[in-house]
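Novice: Starting from the structure of chain W, add chains E and X where the hints point.
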Amino acid sequence: MTATINDRLLGQPFDRLDGVLKATGAAPYPSDVSIPGQAHAVLLQSPIGAGRIRAIDSTAAEAAPGVVAVITHLNSPALGEAPMTGLGGPPRNPFTDDRVLHYGQNVAVVVAERREQAMAAALLVDVDYEVSAPILDMDDPRAAVENNAWGLETHDGDVEAALAGAQVTYDGTFRIAPETNNPIGLFTTVAEWDGDRLTIHDSTQWPMMVRASLAAVFGVPEAGVRVLVPYLGGGFGNGLRTWPHTILTALAARMLGRPVKLTLTRPQMFTSLGHRAQSRQRLRLGVGGDGRMLAMDHDATASLAAEETNFSAIVIGSPEAYATPNVATHDRQVRLNIPNPSFMRAPGHAEANFAIESALDELSYQLGIDPVELRLINHADVHPRSGLPWSSNALRECLTVGAEQFGWNDRNPEPQSMRDGNKLIGYGMAGVTFGWYAAPCTATITMDSAGSVIVRAAATDIGTGTYTVAAQLTADLLGLSMDDVTVKIGDSDLPPAPQSGGSGLAVALAAAVQSGAAKLIEALIDAVGDSSPLRGKTVDEVVAENGGLRLRDDADAGETFREILGRHGLDHLTAEGTSDLAAAAKNAKMATAPAFAARFVEITIDEDLGLLRVKRLLSVVDGGRLLNAKTARSQIIGGAVMGIGMAMFEDTIYDQDTGRIANATFGDYLVPVNADVPDLDVVFVGEPDRFSPTGVKGLGEVGVVGVAAAIANAVYHATGRRMRSLPITIDQLM
Amino acid sequence: MAEFEYLRPDDVSGAVATVTADPDAAFLAGGTTQLDLMLKDRIIAPTTLVDITRLPLHGITGGSDRIRVGALTTMEELAADERVVLHAPFIREALLLGASTQLRNMATIGGNILQRTRCRYFRDPMVAACNKREPGSGCAAVTGAARMHAILGAGPNCIALHASDVCVPLMALDTVVQIQGADGERSVPLAEFYTLPGDRPDIENVLRHGEIVTAIDIPLLPAGMNSGYLKVRDRVSYEFALTSAAAAVWVVDGRIADVRIALGGVGTIPWRAPEAEQSLRGQRAGTRAFRAAAEAAIHDTFTVPGTQFKVELVKRTLVRILQTVSGVTS
Amino acid sequence: MVRAATKLGSVTEGTVILTVNGVQREVFVDNQTTLLDLLRDHLDLTGTKKGCDQGACGACTVHVDGKRIVSCLALARQYDGRDVTTIEGVAAEGELHPVQEAFVRHDGLQCGFCTPGQIMSAISLLEEGRASTDEDIREFMSGNLCRCGTYPNIVAAIRECADRDGDR
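Protein chains in written order, with the numbering used here: chain W, 112 to 845; chain E, 37 to 366; chain X, 2 to 169.
Just so you know, these hints were derived from the structure itself, not from any lab.
One or more hints might be untrue.
Distance windows between CB atoms, simulated [to be verified]:
#, chain 1, residue 1, chain 2, residue 2, range
1, E, E348, W, D250, 27 to 33 Å
2, X, E136, E, P225, 33 to 39 Å
3, X, D45, W, A171, 56 to 62 Å
4, E, V121, W, A171, 53 to 59 Å
5, X, R83, W, V242, 14 to 20 Å
6, E, T365, W, G283, 34 to 40 Å
7, E, P258, X, E14, 33 to 39 Å
8, W, R308, E, A165, 25 to 31 Å
9, W, P194, E, D235, 46 to 52 Å
10, W, E652, X, D166, 52 to 58 Å
11, W, A171, X, E96, 36 to 42 Å
If you want a taste of the chain X side facing chain E, the calculated C-beta under 10 Å gives, among others [to be verified]:
#, residue
12, K68
13, G118
14, R139
Here a beta-carbon is modelled for each residue, glycine too, at the ideal position from N, C-alpha and C.
Isolated chain W (complex conformation) (with noise of 0.2 Å):
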């Protein structure tokens, strides 16, 4: 028994609902905080990249004017540990113990009355470090490996017998340089502690996991603890972690039963939050002349911070990619003295697509097969490790639609054959399959007697959309306008939620508000009059629309919300809605679809100055349903841009000696600016899904991957030359 969705808004590409807040400055991110009476604190960060804390003399800082307090682990308390996570364990406690693991760990934290006197007094506090050679090359000899620590690695056939036995070959090396996430929102948190209770205003995407994080850490009761986070202002996976400086200000707070405002610089964005792991890949690929692929052996090495759990598994989709009947994966990680590796958009994913699909572009040219054609004939109709039919799948729609829009036939394929002047012109594409992850989901919707509803869950809208297409969905289901639902998400005393990550939570949340119309329907049903059309109707038999309930084979048959309720004197009747996709999939006797699309690209490079522009970028993705266009799209584009990134400019360089972090600035570490970025084409193709209950699959994420490999393909089109390391530079392009 479920809602239906009639299509009559959903999908519809309305304007954000928080538009208006965001134009006119008015929406509130955790920075924008202040609390009567708070005290600000700054984080004093270690120099050195591996060593020991000899001694600390914090007097110089704590007489400092305004000063209240410095807090170093000689002083602080014991902390609790924080527990598991649907996405693994929490990062190492601050102020553990004496060690330093990394540059840029924290080793105190100064509170004033001020945030300049906090500044201030922080360069007063006097840190004598016993400095050791801290370990940054994956290469390093003495620096530990973690071989498959999620369990996950796939052997599938004999990988070696069929590369043995395959007509052509392919083996090469790719690297990725470590990426650092950056939004714009400079992460805060602002503490404030009443007897055991925390409220707690953070930049997250988890506001549950920070919760029972900090509830963990602090030995209080889950329920006390309140993580209020409205906006935030941009994560892309940086606010799936309760991270130290989190802590820190919650500790602060608590210690000086005050509360207490921190906001990262944006060098400690750099050092205080995760990060995309730096990665080396070794693919090897067998294939037959015919250009079926008949085996892959894809090996990963990501880097690991010294004494994290955050293992980046970069081989996580590799075995879904395509139809390889002998498949074999290897998951390692090698441990440096480097800030805590976590997640960036599409982790693992966004890396081993830029192997596969560059490889897929070497083997087209070595086969003399056309690569859009090469990737058809490898296209897995059905889930190629299960066997099991796609509950959705229109990959091969996204390459052929995307060949036909994007004029792919009319290049000529011929590497260094195109030109315009000075410039070569290169055409690439690549195929794209990622996998979303969904988590357990509630949602309460609660309707006023005048027919209007509250929908509340935990959740958050990260500048995905998520206010958005809560209500468009909502509305679309009880029949009701825009105006009529309200959406609160972003404070974990809601209904409980999962992150906003693993582009899981529109899938999720979409199924739990689903699910929530139809009991709020029975609900409605069960609170009419026995003279009602409506009595005894099960949800399926009858039809939400223009604010009331109505008989599905009758169109005058039914009551308007406002009478059913008015009628019992109710002023509000609510309904709980749930989702649990991950426990369904296991007994869905299908292959719950990923995400998949297609990216073109052409690019110019500039012969003499090696300069690398990307002209034109065509995304075509099977998202399944889609809840909203507009906000759609803007997932889309917004993906490809960090795609432009990565391919172009991203890298996060540590200073050999010390693991500094050579360029933990705007103006050093590159992000694309609005000049490099053409007009981006998007086009949806495909069905809703028939695993997701509302057949919605997750778009946050599949717009990044694809992009560095169709960028990288194209310039080996415009110069002949194979770039199998991220960033693609001038220096190697000139």
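Specialist: Just chains E and X now, kept in the frame of chain W:
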């Protein structure tokens, strides 16, 4: 961050006297360098800031052959000046390819000339080894991650780049800097204004403490001389140059009658290329001559692994801008 | 590490009188206070955002005497007597500025954090007459970073405003 006194004198001589008298005082103009280094990077800490922005050092005077630009004229204002547009368009190009509009509305020409290097080792107090901050402490950039760094006028003591764009065409034009100090006024050609790092990278120019740049005099280009500025960088916009070149060329009957060349993104100071100019005068305009000029321009380089590519890139940058301004691409 | 003592008897704070969004405001600030912090911390005008605090992201863009600047590199004391407009001051009471409206309609915002700075820049860009081509819009909007990557939608919003104003 140290606290400081803020003063706003009424006239230039008062400002000069105040700073001259106090070794820990500094001038404050547009603020985009000074405040960044003081309040954000925290590598300088004057105890008195003397705000000169209300002094009468604004505006542009002169004619079609020469202009005087008040030191407090902003980058946007100079870029919009009609004489510049008509008689030295490469100044406008260089200005508009630098920074962002917001910064160009704040940053002054005086401040641009005096801007400090973007070297991240210089700008990070956590880095101990920086001869520019602390002579004798060493240079972390030489063994570090250097890319946006100098290859000309550089050495093991310092590879900090002078990152100005507009100074490149200003150098090519024989701009003169007007200076006022406690002892009076003096003029210094821009070419003699900057000092190479040598063993004192902390000293960047001939300005004495308390002296103020009041204006610059820019000789404009004669009619018939085409000019252009080419900036090569990773991003399309809003990034310092990896390499750049300013060139003005007068081609008569296919031969180069006169030429001015300066280079950016490569020097510890804005880099005039007299050998290139010399090699081109009287030559037939063409890629062969341009390449020879580029070879003549680049010598005595000091590179580290991250800057090696600039040696060739700057030559190609110069060849390209010469092709563009001469209209001869073969 | 730089440490410098303040001179004995020196005054390290003072009053700034400036017009903000048409209203004269008198604010007592520490000399270190930037215009950005004055707006956010002293006047509670938190629409102007801090994204890097080093003049590199454009999130703090405001107008001073009609020109766009980055307020994070502006010393508050220096702006005594000046006329400042922030995102809170661009719209007439109860309605949106046409640029704000166009940003919403074209989805020229996602997380929204850079948006006030983008809009302040866009309003200036139109006044500067730099919206005549898409290439110009992109170039002269490049001082405002958007990590959500909504640039093409920002360009579309500005393009529409320029078309309507007859600037193209």
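Novice: Give a verdict on every hint.
Specialist: Hint check results:
no. : hint                          : verdict
1   : E:E348 <-> W:D250: 27 to 33 Å : holds, 29 Å
2   : X:E136 <-> E:P225: 33 to 39 Å : holds, 37 Å
3   : X:D45 <-> W:A171: 56 to 62 Å  : violated, 33 Å
4   : E:V121 <-> W:A171: 53 to 59 Å : holds, 56 Å
5   : X:R83 <-> W:V242: 14 to 20 Å  : violated, 48 Å
6   : E:T365 <-> W:G283: 34 to 40 Å : holds, 38 Å
7   : E:P258 <-> X:E14: 33 to 39 Å  : violated, 54 Å
8   : W:R308 <-> E:A165: 25 to 31 Å : violated, 49 Å
9   : W:P194 <-> E:D235: 46 to 52 Å : violated, 58 Å
10  : W:E652 <-> X:D166: 52 to 58 Å : holds, 55 Å
11  : W:A171 <-> X:E96: 36 to 42 Å  : violated, 54 Å
12  : K68                           : holds, 5 Å
13  : G118                          : holds, 9 Å
14  : R139                          : holds, 8 Å
Of the hints listed earlier, those the structure fails to meet are numbers 3, 5, 7, 8, 9 and 11, in rising order.
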